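Given the coordinates of chain A, assemble chain B onto it according to the supplied hints.
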Amino acid sequence: MAAEHASPQLLRGVDRAAFAVALAVRLRDRGVPVGLTAIEVLARALAVSPPRSRSALYWTARISLVRHQSELAAFDAMFAAVFDDAMLELGAHRAPPIGPSGEDRLAPVSGGARDEQAGSGLPWVSLPPVVAGAEDSDADFAVPERLPSALAARAEVPFDQLSAAETRLLGQWLAAAVRVWPARRTRRTAVATGGHRIALRSTIARSRRTGWEPIELVHVRAVHKPRPVVMLCDVSQSMQAQATAYLYLMRALTLATDAEVFAFATTLTRLTGVLAHRSPEAAIEQATGRVADRFGGTRIATNVQDLLASHHGHALRGAIVIVASDGWDSDPATQLAAAMARLRRRAYRVIWLNPRAAAPGFTPQVSAMAAALPYCDSLLPADTFGSLAAAIGEISSAVSSTRSRGSRDGTARR
Amino acid sequence: MAFSSIDEVRQRLDEVDYLVDEGTATALFFALTLGQPVLLEGEPGVGKTAAAKALARALGTELIRLQCYEGLTVSEALYEWNYQRQLLAIRLAESNRRTLADADLFTEEFLQERPVLKAIRYVGPSAPVLLIDEIDRADDEFEALLFEFLGESSITVPELGTFTATRRPIVVLTSNRSRELHDALRRRCLYHWIEFPEPQRAAEIVRRSVPAAGEPLIASSTEFIGRARQLDLDKAPGMAETIDWVSALSAVGVTELVRADIVRTLSTIAKTPDDRTTIAQSLDELGYPDAARI
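Going line by line, the protein sequences match chains A and B. Take the first sequence: its letter number 84 is residue 84 in full-length UniProt numbering, and every next letter is one higher. Take the second sequence: its letter number 160 is residue 160 in full-length UniProt numbering, and every next letter is one higher.
What the hints contain is simulated information worked out from the structure, not anything from laboratory work. Source: prediction; values computed, not measured.
Listed next, the in silico EDC-like pairs over lysine to aspartate or glutamate satisfying Cα-Cα at most 16 Å (straight line):
id, chain 1, residue 1, chain 2, residue 2
1, A, K225, B, E70
2, A, K225, B, D139
3, B, K118, B, E80
4, B, K235, A, D306
5, B, K271, B, E241
6, A, K225, B, D140
Only chain A is shown next, with the shape it has when bound in the complex (with noise of 0.2 Å):
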């Protein structure tokens, strides 16, 4: 407190918007986006109260610049960085390094060579091939012009099987594959001319057509919405085939229903953010990148407590939850089976995708997958792309039949 007195006010005679400015994009290096309008209030804000000590600075710039909690930890690695050893050197007329950041966005994104490398079999293969697929490069100049007929006998092949080429194209396929999914009824109302109840202020507002006389009544119903759907994927070792696979079902989930999707080996990686780009190849590049744990061990029960217990546990309240692993986990199976009781409380449905289901005479004999059974509305086989759409089609039909059954003859829903 005497030093804050000693030292009257920190920063004196520089330029605040200049300040603001460099701060901000200090931030932006480190992958933080800060608007205009957070750099306007920090300067506001330096200027109603200008800071008497570090604390005070940090906290005024916390404050306008950050917006969103996981931004904290870059926040304070750049206010470190920034304040730690010089303290008014931090160069607050120089100008802003704009250059590299613009040139960042214009580096060239992907060539064929590179998807030819990440979609060769196996996504988190760091190391090249050894033998470039010679297939898989005349597919890509070869422009595939692939009839749906085509497709479909591709899609009863196995994972491991195809090419990447035909890879995407079966991803593209299983997004189209996701239109028609379970809704839930909402608390919110639309105009609709079956509705039950009648809408006061579209009604009076029509009156006014016929001399104030509420002739014609305007109804409401509600809203049904996409069912919130969670989707974990394991992308251990023994699920390597698959992965790929997996992550295009999971991009066609993101963009058909804003669902949440999670990776996990050893820990858990959300992925909604990067699968939801706009292009397929990129969307998979980031999120293979983004996967760090690949070629790890299973931990299914502990990704599962993981995921209930962050903030992002409160998105599988009324969800149905996709979990796709072949069941083998490191963890105890009671450990799992309390995971996936807390699990199953908190969803609407929960459904195993089971790469090993399809196998003729299969059992789940595996003590993680025995466990997590009771606890499972399905257990579906999902070794091909086939299966995949035939999973998606189980699903919406199951849980749609019930709805609508529900809503027209009065039974109770489940």
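Below, chain B alone, put in the same frame as chain A:
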């Protein structure tokens, strides 16, 4: 009436028994002086709602509260027309053989204020505090409704025109992060992430809220809660739970924390059966071993 410095915010909030750290004080101070809404986020029970309440008390002004829920619309949050009166007015005009002009039914006379419009049209000695509580519980359609208000402190009623606040209300939004808020909403607000208070300040807060409790009880129970938060719990106990727990303990006449009393009053801090089991099993590690077993 407004505050002149950040230290004054702390002092004035202190007077109304709400203890803040420097960050929260800074956020509230700028919300006042810059006229920007402030978005408070944090784990449940860190005192987000209490901050808005305390701010209103410290400023001696009215607190207008809007509790959000799914399906919240214009008619519950901003304004609503009084349809019954409109219909009556139609009947009355008919019986008097008058004709109603367009504007006659959509005038301020028939307008019902809801919290946001009320905050805008508030007449009083000082600007009111508008608390938009748990905005994450409303759906994203509702967020879009607020943009005009958060940005310009005004509301446009299509039939009437735009109402603009003569002096900006102090707007506090809280969120529990059950859903990601849209960037457009974040952009219009100052942002502050409230952490759990450190043990010393937590003890001070409990002391204010439960004056009946003794010093050793407060110290040991806040320390216990601090360590319990490190456990893998569904719902980590917040400040609200701590206060409840200490009140419960002091209500049953406990002056010093012992294992039996913790087990007895566990329901005030553990809010699910799983958490109850977890805490009960970890009592040994938390420094309260079973005396009978030693």
